[in-house]
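A.B. asks: Assemble chain B onto chain A, guided by the hints.
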Amino acid sequence: MEQQIIKVKNKKGVKVIPGFGLSLGITFFMLSALILIPLVSIFISASQLSFQEFVNVITSRQIVSGYVVSLSCAFFAALINAVFGLMLAWVLVRYNFPGKRLADGLIELPFALPTAVAGISLTYLYSDKGWIGSLFGKAGIKIAYTRIGITLAMIFVGIPFVVRAVQPVLEKLDRQYEEAAMMLGASRTYTFFRVVLPELFPALLAGFGLAFARGIGEYGSVVFIAGNLPYKTQIAPLLIISKLEQYKYADATAIALVLLLISFLLMLFINSLQIYMQKFIGT
Amino acid sequence: MKQRKMCVHLYVSLIVLLSVIVSGCGKASDTASDKNENIELLNVSYDPTREFYAAYNELFCKYWKEKSGKDVTITQSHGGSGSQARSVIEGNEADVVTLALAHDITAIEESGMIDRGWLSEFDGNSSPYTSTIVFLVRKGNEKNIHDWNDLVKDGVEVITPNPKTSGGACWNFLAAWAYQQAQDGADEELTKAFMKNLYQNVLVLDTGARGATNTFVENGQGDVLIAWENEAYLSIKEYPDDYEIITPSISILAQPSVAIVDSNVEEHGTRETAEAYLEYLYSDEAQRLAGNHYYRPSKENILKEFSEQFDLNMNLVTIEDFGGWDEAYRIYFDDGAIFDQIYED
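So the protein sequences, as listed, match chains A and B.
The numbering used here applies: residue 1 is where the first sequence begins, and numbers increase by one.
The numbering used here applies: residue 1 is where the second sequence begins, and numbers increase by one.
You may find that some hints are simply not true.
[Claimed, not checked] Label-pair ranges, simulated between beta-carbon atoms:
1) B/Asp154 to A/Ser72: 37 to 43 Å
2) B/Lys153 to A/Ala103: 47 to 53 Å
3) B/Gly336 to A/Ser72: 31 to 37 Å
4) B/Glu110 to A/Pro38: 37 to 43 Å
5) B/Asn141 to A/Ser72: 35 to 41 Å
6) B/His146 to A/Ala116: 34 to 40 Å
In short, the hints are calculated from the structure, not lab data.
Each residue gets a CB set at the ideal place from its N, CA and C atoms; glycine is no exception.
So here's chain A without its partners, still in its complex pose (with noise of 0.2 Å):
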């Protein structure tokens, strides 16, 4: 008996740190507590209206135009900050200059900035009173209070998704590949979108898709610099808060389960992707 067990547990290999059933105990209760049972209560909240008034909620003209704010600002914040942050990560990974250990801080920045912090200086600065905000102004672009200093507040909490996505895949792939394609006689534009950056998407994607999905839910940030105009630039976020000062939390939870799965399709269309894309690739 005993041996056996010794052999069994010879055959698994001693891992590194003990207690899987303790740490398996712990994911699974902190996954219940800070995600199922809060995603859960959300459709047990909802389902407090009937079909006809949850439908009601979803389709008022204001409610749309809340969604349609909160999606188009954060696609094309995610799109900007895919294409900037693949920037970012590129520079950080194949370069060396002084200060890019602080650069390379400075990208998480967001991350730990209160967004209301960020909301609130953005404003300021991007107004067409601010520093950066008169410069624009004087060409005629306002900023802030317009669907443009939505955008930028939701560029900035997103950018960090995308770069930290990226840089650890850049860091591994093997420069050989983009010499091999120069030797080939390709060209670079020909080397970066055929050989690069079909390496680099699947990662690139995950971080779209991750900032897009941050953007939607964004509140703290872009309250201050949206302006809040109904059917101009009032976000969702910011319908489900007005819908609470109501007292309708049936209504405000309805607003929140329809933000919820566009961000799940989201995601789930991007995974998908993400799986096609690498059954070509070959990691």
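C.D. replies: Just chain B, lined up with the frame of chain A:
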């Protein structure tokens, strides 16, 4: 054997969890047994009262020590009036609430935590101090703003918070409404058109009164801020050379209400102190303190002492003229009501 190990782990996690819960309970019962020596009160209030209650708490602690010989520690909590009310409903252990409008306290009453009839428990509809809605403009008043009808002129940029997310903004909306009703002979369609023009001039619709003040003062947006009188005075005090206050001909008597949260004081055994805390707001000293913090004292004789500071000749309507808060919300602020209508094309 492996299974047993799993069980042990499970027990360990359970014990850890339980001990956390038990220690939480232990803490709660400790404070309950302390009630005779050091009383703790939690005052849940709204944003602009922060400075006033900080001063008032000192005053009250001294008074209560003299009167009952007991020490009392008062904790203040501030935020948007509506979200503060929600936090109390959801379990914030407030002994007293001092909010921006009666409607928010009614919401707590409806959850069963405050007994019915709280509005008449203290003098003046349980409003120890009042305020009103005024305009804050930039020094020199270049756009020549003197009354509500100046706000709808072309090129005037207005800053006011959103009534859907801010209690204070409801007062702003109703004050403008009352003005135009007086001009139009109470024609609703004309007044609605006026409000539509007014809100088309609104540049930023912040979520709260403090946010709107920030947009106007710190970010330099807009020509005029529709503000609580006390907030306007605070801005003037901070930047005396940059702003001036304009009092419109008609405004609204904003009555921030106070109430005891009955179910919580029963549980904490703090009813006596909580009642004294709110009652003492009506004392001459506290009334003067409110006046010094730019709230209008509700006692006439003290208010007269501040006749230099406040424009006492303003024509002030009250929420009763709108049929009370429930009615006002139904007509103006609910989904699809007048405020939503004026934003529809």
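A.B. asks: Just pull the numbers of the violated hints for me, sorted ascending.
C.D. replies: Failing hints, ascending: 1, 3 and 4.
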